[in-house]
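Mapped onto our numbering, the consecutive letters of the sequence shown carry residue numbers 817 to 1119.
Rather than coming from a laboratory, the hints here were simulated on the basis of the structure. No experiment lies behind these values; they were computed from the predicted model shown. Mixed in with the good hints, there may be bad ones.
[What the hints assert, rightly or not] Have a look at the derived ranges for each label pair, beta carbon to beta carbon:
hint, residue 1, residue 2, range
1, W1084, I835, 28 to 34 Å
2, S919, H890, 23 to 29 Å
3, N1085, N909, 33 to 39 Å
4, I1051, R944, 45 to 51 Å
5, H890, M993, 39 to 45 Å
6, H977, S951, 29 to 35 Å
Note that beta-carbon positions come from the ideal geometry of N, C-alpha and C, so glycine has one too.
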Amino acid sequence: MVDYHFGIEIEVRAEPHKIRHPLSEKHALYYEKLAAALRNRGLKAQADDLQGRYGKHPEHYDKWWITKDGSLGHPETLIPMEAVSPVLSCRQNWEGDIDTFWSAMRAVFHMPERSSRCGSHIHMSRSRGKRFSLSQLKTIAYGIVIYEPLIVHLLMPNRAHNEYCQLNTENSSQLTMCGSSWPAIARLIKSATSAEVLRDIMQDNRYVLWNFDNIVSGRSGTIEFRGGRCLRGEIRTKRWIAFTIAIIHAILSMDDIEHPDRCSIRSWNATALYETVKSYSRQLSMEELIPGDYRVLNETMSH
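Assemble the whole structure, with the sequences as input and the hints as a guide.
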């Protein structure tokens, strides 16, 4: 089975079962309660005590890290937080870790608020200790750009045009100049002589649907998908992880940058792209996690 390594950042605003007032001053207490609930269930976890310099995550990605996120606001009756997973592997029982996380969440908090402020970010790399090559990064970048008009249809409506996950073609001044010309996009991306140059082609800042900030030297080597929905339980968490990994695997496998005069999907619509992603998900043993219809994924199917 093909292997990829990944991590997820889950943003939530949730009410604790047992409230200690004033709640606005007790964030660190509840971060630790969640970390303790994770440890009690066999997962390594650490909570931000909010005493030191703000840190997005600890030095090593070997544990769950419960911390704050300024974008979640300051609700008086809820605890806003971000849960950052350790590095997980497609070849391991990562689904069990996700189930355990949400079990711990339910032990400490009520169901998280359904909030437009909250989203989820998925970071993905080739495998532990192995980065995507520059050639692979270019293949991914090109696929992300040309399929962007279709990928938008697969997203939750409130994530498709969000200030924190702007479309790469709209955020990047270099991509904007290419318009919709696939050969021009291919030439631009192929011209990148380093990961740093490619990052600058793909975005003007990190608030994009596909963030390439971490591919540069000295960073984690991951590509970050910032278009995930507000997560409130394990089923959709596993669904969006599987979709993200499968679409990158499909883009890598199709390698469309080598033939910019045509694309690899059978027809130019969201259903065809989604069916292709579903097909490639079988190589990852993730096909059962991804719904049969993309309108179930993005929750636009009427009941």
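These are the hints, each one checked on the structure:
1. W1084 x I835: 28 to 34 Å: violated (52 Å)
2. S919 x H890: 23 to 29 Å: Because 28 Å falls inside the window, the suggested range holds.
3. N1085 x N909: 33 to 39 Å: Holds: the Cβ-Cβ distance is about 35 Å, inside 33 to 39 Å.
4. I1051 x R944: 45 to 51 Å: This hint is violated: roughly 27 Å between Cβ atoms.
5. H890 x M993: 39 to 45 Å: The hinted range 39 to 45 Å holds for H890 and M993, with Cβ atoms some 40 Å apart.
6. H977 x S951: 29 to 35 Å: 31 Å Cβ-Cβ, so the 29 to 35 Å window holds.
Hint check: violations occur at hints 1 and 4; the rest are consistent with the structure.
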